[in-house]
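Undergrad: So the protein lines, in turn, are chains A and B. Throughout, this note's numbering is defined as the position within the first sequence, counted from one, plus 5. Throughout, this note's numbering is defined as the position within the second sequence, counted from one, plus 6.
Treat the hints as calculated values from the structure; they're not laboratory data. Since the model is a prediction, treat every value here as computed from it, not as a measurement. Just so it is clear, CB atoms sit at the ideal spot from N, CA and C, and this is done for glycine as well. Do not rely on the hints blindly, as some may be mistaken.
To be verified - Some but not every residue of chain A turned toward chain B, in silico, with C-beta under 8 Å:
1. Ala24
2. Leu216
3. Val221
4. Ile254
5. Phe257
6. Leu330
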Amino acid sequence: MSATVADTHAEHEHHGPVAGWRRWLYATNHKDIGTMYLILSLIMFFVGGVMALIIRTELFSPGLQFVNPAFFNQMTTMHALIMVFGAVMPAFVGLANWMVPLMIGAPDMALPRMNNWSFWILPVAFAMLASTLFMPGGAPASGWTMYPPLVLQTGDAFPFLIFSVHLLGISSIMGAINIIVTIVNMRAPDMSLLKMPMFVWTWLITAYLLLAVMPVLAGAVTMLLTDQFFGTSFFLAAGGGDPVMFQHIFWFFGHPEVYIMILPAFGVVSEIIPTFSRKPLFGHDSMVYAASSIAFLSFIVWAHHMFTTGMPLTGQLFFMFATMLIAVPTGVKVFNWTATMWRGAMSFETPMLFALAFLFLFTIGGFSGLMLAIVPADIQYHDSYFVVAHFHYVLVPGSVFAVMAAVYYWMPKWTGHYYDERMGKLHFWLSTIFVNVTFFPMHFLGLAGMPRRIPDYSTQFADFNSIASIGAIGFGLSQLLFAYNVIQCVRKKGSTATDAVWDQPQGLEWTVPSPAPYHTFETPPTSSVKTTFS
Amino acid sequence: MRDTKQPKNDDSKSLAGRLVFLAVAMFGFGFLLVPIYDAFCEITGLGGKTNSIAATEVATEVEQDREINLEFVTTVNQYAPWEFHSQVKEMTVHPGGMYEAIFIARNLTDEVKIAQAVPSVAPQIAAKHFRKLECFCFTSQEFAPGEEKEMPVRFIVDSDLPDYIDTITLSYTFFDTARITDNSAVEHGTSHVTR
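Hey, can you work out the whole structure from these sequences and the hints?
TA: If you want it as structure tokens, here you go:
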């Protein structure tokens, strides 16, 4: 009798996805939700990219050519909001949804229904944000940092901006809670915390950062809302408030936010480099401590975004040295990745190429960050194109390259088919060349004094701006190759992937079949730690 | 299998509950940053904010041989229809002595307007050594249509002002307070304007 019960039970448990739209709208399966996050992120990447191209087209030559300054400012603001909240963050949440349960041997996320909510809030929030483009007064144009009093001059779009930020925050918080609960409660029986793969570790830390700072952003924008509509004076000097206080509260969120966007990238790279070096990750535990230190330090450096607001010398020194201190754990990570490759049997498939470019180019962005941390230098660099160059180096060849590396790395597991390796390599080389053509000249522009967020500029900046614009168009077009390659892989055009996909990769995700079945690890894996490297 | 999973679900719920609490607490912390910020600025004197209520007069010795150059800066906020300037651009003061400066403002509209002047002192560290006994910035000012007013500030620069400071800039920005409604004096004014 018990056998029959087990059979019907098994039949019930092993059902496939329901057909049609219900599969997606009512999705509770971590793989479906992860897929939706990744698709949303890809779409938003192209939407934000088109906005970037509008910006770069206008900046191709001095003078006003194509757009008026107000629309230009809307484009810079919307580009940033969409890329930060729409492209980079959902991409990493999507990767976490797909991979965290597979990597820790869990059957699904811990709170599947909340998972559904945290995804489906996003399209609503972005529809609301995008609708502001068609409102009287246009979309928000005060920069993604939403500094008052400027942001309070936003037209009808203002409350929609605030509410969409609220929704994005709620989505991130729910996603973070889900990831923490999954990692803490649902690991395979013999997987102790320090045996967790680095991607899982960095996501655990990221999720705590999200929980700690997204509510603070929600509070800050709520204060903007009440200042505008309910007569409070949090940031209005006339009523006794202080606009600089917004910057303090915003950057208390904003600086951990930049680590929210890079820590999962560190995790991805820490998975990929060992696989293609055929060696275990060098210094796994020190990587964990380094990531935790970075997360802790991210809370005490926020005012380095505000050196020009006027600050006593002691404050400037504290924030300068605290900021520079972050270079130490970051250096630990960079050297550990390098040491992982040392005497490894390296091969250079597309994910590895992206991971290596990440290592080089993220480090350049890190170095320009150190330059910006120097107070007297920062007073010169502040609000110049040097800052634009810096954060695009850490975000594009940093976070975005890591996402692409992760997609190439795990896509054969998701679809059961390899992507086109030659097209992947072409995509890599075009992206890497054009990303440098786009952003490297911006360092020179910034050092020469070109301000950011300006649609027009003096003629001495013309040459480097033209080069940057050509690079941007090249980078944008190269991404079509990526989209095409992904679509072909999803349509199962490539050769069939083996279960291991790569040459003896470590980790539980490679023990399930390719493509990963709809339900995996319904019984916990017996041994979570594979030691295939010898 | 069901049975072994059951306690995990409870664990998940209680952990999720604690994490939700953390998120709510951090939302509160965002608002708590406001009084923390104000207290921090008040204690350290950062931000260049001067006292917002009259300081009590204390007899202090005037340091006749130390001279501080005091400069006045007047700004009118973008949307405020006022003419606003100080009677003199700068004056020389001795620490410990009491002085008076006159600021003049004129309402350029034919409506009743309520103004609030917001002071700021540079260098910031001088702010807590700049004690105002009387100031038009302590309350909002009502202006009849076209009215011009002379408004005094009486102040003492403390003798414990750090030695390296020889120039202090006192800046006032004039705001139209029509949109600020949380202060009763101003509320009265707003209704006046709409009438």
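Undergrad: Against each hint, give a clear statement of whether it holds in the structure.
TA: Hints, one by one, checked against the model:
no. : hint   : verdict
1   : Ala24  : 28 Å, violated
2   : Leu216 : 5 Å, holds
3   : Val221 : 4 Å, holds
4   : Ile254 : 5 Å, holds
5   : Phe257 : 7 Å, holds
6   : Leu330 : 23 Å, violated
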